[in-house]
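Each chain, letter by letter, is given below.
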Amino acid sequence: MKSNVKFIQGNEAIVEGALYAGLQFYAGYPITPSTEVAEILSERLPKVDGTFVQMEDEISSMCAIIGASLTGLKVMTATSGPGFSLMQEAIGFAVMAEVPSVVVDVQRGGPSTGLPTAVAQGDVMQARWGAHGDHSIIALTASNLKDVFQMTVEAFNLAETFRTPVVLLFDEVVAHMREKVVIPQPDEFEVVERLRTSVPGGTDYHPYLAREDGRLPMSDFGGVHRYNVTGLVHDMWGFPSTDPKIAYDLLHHLVDKLENRADNIARYKEYFTEDADILLISYGCSARSALQMVEDRRQRGGKVGLLELQSLWPFPRETVRAKCEGRSHVLVVEMNMGQICQEVKKVVSIPEKVYLANRFDGVFISHTDILQILNLILGKGV
Amino acid sequence: MKAKDYLRQRFFPQIWCPGCGHGIIMGNMIRAIDQLGLDKNEVVVVSGIGCSSRMPGYVDFHSLHTLHGRALAFAMGVKMGRPELTVIVPMGDGDAAAIGGNHLIHAARRNIDLTAIIMNNSIYGMTGGQFSPMTPFGGRGTTAPTGTIDHAFDIVELAKGAGASFVARTTTYHVTEMIKIIAKAISHKGFSMVEVMSQCPTYYGRKNKLGSAVDMMNSYKEGTTTIGSKKKTEHPELIERGIFLEEERPEYSASYSALVKKSQV
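If you read the sequences in order, they're chains Z and E.
Straight run, no breaks: the first sequence in the numbering used here ends on number 382.
Straight run, no breaks: the second sequence in the numbering used here ends on number 265.
These aren't lab readings, by the way, just hints derived from the structure by calculation.
Check before you lean on any hint, since a few could be wrong.
What the hints assert, rightly or not - Have a look at the derived ranges for each label pair, beta carbon to beta carbon: (1) E/I239 - Z/N260: 34 to 40 Å; (2) Z/S198 - E/P145: 53 to 59 Å; (3) E/K189 - Z/D204: 58 to 64 Å; (4) E/V175 - Z/D204: 56 to 62 Å; (5) Z/D256 - E/A3: 30 to 36 Å; (6) E/I15 - Z/T32: 42 to 48 Å; (7) E/A258 - Z/A322: 35 to 41 Å; (8) E/L36 - Z/H253: 35 to 41 Å; (9) Z/S198 - E/K189: 32 to 38 Å.
For glycine and all other residues, C-beta sits at the position ideal for the given N, C-alpha and C.
Bound-form chain E, shown alone (with noise of 0.2 Å):
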């Protein structure tokens, strides 16, 4: 199928700025789940509140859009409760390493086969441009006019010291990376977590002058490399991207269901 058949069309035009990446995050969600040849009836897609959070409503899956970082709260609802349908949680930096942080070390430790794709431009979007967990120390926000003082999260040592064990991240610029990456992590029996660094030019590239959309997208291309290349031994600067870990391991609602077995015994 082609891309537009799993949007709901109706209710377009979407709310996002011209050049934030979340769309291309979108896009390629939707390829991934095409590739895989997954039925939309068997797809939830659950989010909280923020830029990123308005996506389900725009997927022709079931939708469900909750409360700010709460997503895989009432995502571990929907799939202990019909643990057959796929799960994926698009989120935001601030609604999953702030205030959705607790739930996010949680379903990782459960090992729940969560699919969370955190889109992460560094910045509170919906309210105005406000440093978030995920924000470089010294990055400027409506709140951090001279640059912020705290440290940001690495989500990827996070989530893999939580106990995820599928972990990767990417960037809006590395489309054809990002769709593998994605159908991989949704395939995968357990917790996945897939940061994908997306532009914000409206809040966060205008706040640091960081350019137009393409500028950062092309930083993307230019700050980032492979997993144990030879370009990061030379440049130790540079984020890594691609598939940091992938391991099976017991996921909870097959032990949920053998404990069901076992109890009935």
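In isolation and in its complexed conformation, chain Z is listed as follows (with noise of 0.2 Å):
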């Protein structure tokens, strides 16, 4: 049997996820820390008779996979900050169309250029409402390349089953750093197919009308179905309305698709969180040095565990309030100046009880800054 063990770097397990779920077009333009998503496939993407497209800019990148995911595609495109900031007026009409689509951000310093090289989680809140007005949003992110690679699959997955764009928020550690995969077989991980209708050609399809379970059927553009797309609020048909009550069902359905079932979408690992007094919430990159330093403070006999949250958006609130009830403290290790630390503030019944550990200077936390942190905080002094 051909070996399924890889040692390889994130951006690559984002590949392989990728490739696993059915990627058949992706369209990009060069960013660190994201670019070896490009580079590896190009390459790859040609013998599974996929598409690879450089564009000219981050916009035209998302333009140009929510284009082919109307011709049926699975798509996916990769960036960072500056260019996920080009992104969101594209994204924001994936949602409002509800167009299956993946946008992976690897974050890095910011705002603006910031530190190009240098690892952050600053793009949380942009991930949630960079584009304009009223929408939900699906965001999934992880700590080591395994992780990566069965988010990456679940991304394509949630795009599918919701129509909509889903964003893959990992950072410049997870990215480049390497470790050993393990391939899954074909058919070990679920891969959700489009949901195309059944209606015959000729009898009328409403591409925006609603099943009973929330999922829209597709069809392909260049099938038997000719409808319109569009930006703009719109009826079952696709067309344009200003009718009070279409744009209020329309927003309404939009939120509730995702937000209604926050808990379905939930992704989340515990580590030694039973019996323990204290606990952490981290995600990506800082989940590693927080699971470190519960690891050593558990070797010391204390009550400390580790909740790593791998869904971001929706965000997970009966879980978060659920796994604090009881702790004598809550820290929320980031590193950004406190975007999920602020809305665990907003789930738990208190608030006061919350702290954050976090680094935004480009240094990766590590487990000895958190453990830094937590001691300050019990007044047991650095």
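Two chains, two frames, a set of hints: combine them into the complex.
Below you can see the structure in the form of structure tokens.
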């Protein structure tokens, strides 16, 4: 049997996950620290009859994958902070027109050009609110390469299930580190295929009429149903409308289809949480240091645990609320000025117990950084 | 088929003002498609934002109404997703030459098989009459009350310079010429750019005292001439119409198919 064990880089694990999920079309623009995704796909995609295009910028990259998705293909783009900013208008279009698509943002220091080669997790809120207007979105993350692979597959599955853009919010550390990854056999992981309408040609197909389960069967451009796709508020035919009821119902549908299923979409891992007095909450690269700190403390008898979030949006409110109940302290570990910490404070019963351990200077937060901050909080000094 | 058989009459009346040239272009695009005998299911019409960009909604093809300036970027994805489809991209002058200028030159450079129809009314109509990059020097708009000091793009020269392999210009007055040119542009394998001068009596006409829609169309008759005509040598100020460039060059989606074959050997 062919060996399916690989020693690869995070960006390569994204590629492996995407191809496993059935990626057929990639459009992108070079940017550190995500460029390797494009480089590897330029070689891999043609070999599996897929399409790789290098566009003139990130705006056109996002637009191109939306166009390709409408022809029935599984699509992805990858970028970092500045490019992610440029993509926001088109991400909003994918939300509004309900076009399945996957957007990788390998986070680096910001704002603006910031620290191009250094790690950060400052795009958490941009992933949630980067596009204008009320909407909802899915964002997944991971702290090791096995999970990078798995979350990438899940991103495609969720994009197809909910007809929505899904953001893979990785970071420079995870994208550039190397680990052993066992590539699963085909069929080992579930792969969700596009749900296509069973309505025959010639009859009225309603591209924007949700089924009872909230899903909307699609029809490929070039197929037998000719319908309209627009970023304007639209009716069930996809035709523009300014009817207040249609606008109200559409916005509710776009938000509710994800927010009402937030706990269904929630992905997380727990380490030593059962009896923990102090709960750390972390995600992405920061969760690696958080876990090491927790393991160190456990060896010394400290009742410390870790909740690692793998889905950030929609925010797993109920999960976080329940896991924080009864703890003496909750310490959110992240590489920004408290973007997820604020969300945790919003959902717990005693926000005063929630503290932040962070770095945002381009230096990877270490387990000793976290311990120092925890000791300060506990009044033990540094 | 008749032109109305290609329209989504359920979505009428359309939004264009009385006298607007865009309906003439829509009708002639339909006639060109009909002459070519294309199956409706094989045609995708992709647009951006603006008066011109409402056109895809009214025609019974696959239609994609996108973001301001980004039509060609979305169209690139559609064409590369299913290269066998015919992809037509109606755009306005502001949409194509200002906010979408970068996508225009890069689509032309790649020579991807798209047909860009630039409906040039020299103004931003949807937002109420601001000058565009194709408003002539000195032309008035609501943001150029004393006349614009910007110089206009010659979109024909721009498309040629950027690498388009089919470049043409016509006007809403010259309807039979327009049908022929659009049909040729669609049939052409490579990036085709057709500029259609289209009257906006409501904003551009009114701001610049150009008279009624009929007056403006007559000015296209009087103010233009066919490429290389004797009239042009006598009156160099006349704007030339016709096909400026029609060349066979490697087309992007075909080159990509060849790349795929090569990579699988």
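Hints, one by one, checked against the model:
no.	hint	in the structure
1	E/I239 - Z/N260: 34 to 40 Å	58 Å, violated
2	Z/S198 - E/P145: 53 to 59 Å	58 Å, holds
3	E/K189 - Z/D204: 58 to 64 Å	35 Å, violated
4	E/V175 - Z/D204: 56 to 62 Å	34 Å, violated
5	Z/D256 - E/A3: 30 to 36 Å	42 Å, violated
6	E/I15 - Z/T32: 42 to 48 Å	45 Å, holds
7	E/A258 - Z/A322: 35 to 41 Å	57 Å, violated
8	E/L36 - Z/H253: 35 to 41 Å	39 Å, holds
9	Z/S198 - E/K189: 32 to 38 Å	36 Å, holds
In this structure, the hints that do not hold are numbers 1, 3, 4, 5, 7, in rising order.
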